[in-house]
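Position chain B against the provided structure of chain A, taking the given hints into account.
If you read the protein sequences in the order shown, they are chains A and B.
Just so we're aligned, residue 3 is where the first sequence starts under my numbering, counting upward by one.
Just so we're aligned, residue 3 is where the second sequence starts under my numbering, counting upward by one.
No wet-lab data here; the hints were simulated from the structure.
Just so you know, not all the hints are guaranteed correct.
Heads up, simulated DSS-like pairs for lysine-lysine below, C-alpha to C-alpha not over 25 Å straight-line [what the hints assert, rightly or not]:
| hint | chain 1 | residue 1 | chain 2 | residue 2 |
| --- | --- | --- | --- | --- |
| 1 | A | 51 | B | 43 |
| 2 | B | 43 | A | 108 |
| 3 | A | 108 | B | 57 |
| 4 | A | 60 | A | 71 |
| 5 | B | 16 | B | 57 |
| 6 | A | 51 | A | 108 |
| 7 | A | 70 | A | 60 |
| 8 | A | 51 | B | 57 |
Away from chain A, derived, C-beta distances all over 10 Å, residues of chain B [what the hints assert, rightly or not]:
| hint | residue |
| --- | --- |
| 9 | 24 |
| 10 | 30 |
| 11 | 47 |
| 12 | 65 |
| 13 | 117 |
Even glycine gets a Cβ: it sits at the ideal position worked out from N, Cα and C.
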Amino acid sequence: AQSVTQLGSHVSVSEGALVLLRCNYSSSVPPYLFWYVQYPNQGLQLLLKYTTGATLVKGINGFEAEFKKSETSFHLTKPSAHMSDAAEYFCAVGANQAGTALIFGKGTTLSVSS
Amino acid sequence: GAVVSQHPSRVICKSGTSVKIECRSLDFQATTMFWYRQFPKKSLMLMATSNEGSKATYEQGVEKDKFLINHASLTLSTLTVTSAHPEDSSFYICSARSHLTYEQYFGPGTRLTVT
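Chain B on its own, in the form it takes in the complex:
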C-alpha cells in the first residue's frame, strides 16, 4: 500500500530557531499534500494545502510567514517552522493525496517540542 514518511519523528529545538519537517510519498506521486497540526487530546486541524510547483494555500489563522511550506516535487513537501516559540510545540502530521486515486495517506507525524 501507499506509504508516507515524515522526518524527523521527534525534534526538540530552542526558541527562536527554525525547524524543517519533511513529508515524502514513498511509492506514489502526490500532486497535493496537506499539513495538519494536532494539539494534545485535540483533533487534527488543517494548516495548509500544498500543491506541487505552486504556492501553498493556508487556512484562516495560520501564519504563512511562520509556517513555510515548499512542495518542490511530486514526492516531497516540507514544512519549516520559523522562529519557533514554545506555543508551536505540537504534533504535526502530513498527508499525501494520490493523483491517480484521490486517496489520502497519512504520515506517522512529527512531535515538535520548543524549549
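Pulled out of the complex, with its shape left as it was, chain A reads as follows:
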C-alpha cells in the first residue's frame, strides 16, 4: 500500500523567498514520486518526478526535489518565489507496476506576497 502526507495545507512566502513544500510518503515497494501544480480551474501540470537514479531531481520553473529514502521524504523547493508560483501543489506516489495508480497527498496551497 502507498500513501502520501503533505505537511502544511497552506504555505505563505514573500516574493523572492525560499519555497519549501513538504512531502512524506509510505510505500511497500520502491516508489516513484511526483510533484504536480494546479492553477485554479485547470488540470494538473507535472513539475518533476523521481523514478530511479539521481536523488536530486530538477523540474520546470526552477523547482527541485530530493528523494531521501531514509527519511521517506520528497520535499519540493525553489530558491526564490515568484508571484506566478501561487497555486495548489500536490505530491504523489506511484510504482513501476502495471495497473498502479498515483496516490495523491491532500495538497498544499502556496501563496506568494509582494
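For chain B alone, kept in the frame of chain A given last:
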C-alpha cells in the same frame, strides 16, 4: 509528449440525467486508465482503475452502478455518471498509463455541475 484529452471540458446537467465523459490517449496506447475525482480545494481521490477489455476496479466507497466505466479500446475510456445528483458535481480527471513506459499522463479534467 504524450497527450490525454477529455471531453467535454465542462458540462451542466439536470438531476436524474446521465452524463458521459470521454478520456482519450491521443498518441500512445494505454492499457490502463484511471479516473479521479476532485472536490473544491481538495485532493484527487482515485475512483477506479480501468483496464482495456475488462471490468473496472473501483475504490472502496465508489458506487460502480452509479459511475459506469468502459475501457473499450487502448485509447479510450469513458465514465458515465448515471442518475446524477447535485452532490455528484465535481471535477473529474482521468489519466492514462503508457503500456511501454508506465508513465501516467493526466487529462485536463471535466467540470460537472448537476442542477
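Against the structure, the hints come out as follows:
1. A:51 / B:43: Given that 25 Å is the threshold and the Cα spacing comes to 23 Å, the pair holds.
2. B:43 / A:108: holds (9 Å)
3. A:108 / B:57: violated (28 Å)
4. A:60 / A:71: holds (17 Å)
5. B:16 / B:57: With a Cα-Cα distance of about 28 Å, the restraint between residue 16 (chain B) and residue 57 (chain B) is violated, given a limit of 25 Å.
6. A:51 / A:108: This hinted pair holds, its Cα atoms lying about 18 Å apart.
7. A:70 / A:60: Since the Cα atoms of residue 70 (chain A) and residue 60 (chain A) sit roughly 15 Å apart, the hinted pair holds (cutoff 25 Å).
8. A:51 / B:57: Distance of about 30 Å is beyond 25 Å: violated.
9. 24: holds (15 Å)
10. 30: Check passes; 15 Å lies beyond 10 Å.
11. 47: violated (8 Å)
12. 65: holds (18 Å)
13. 117: Fine: 19 Å to the nearest Cβ keeps residue 117 (chain B) off the interface.
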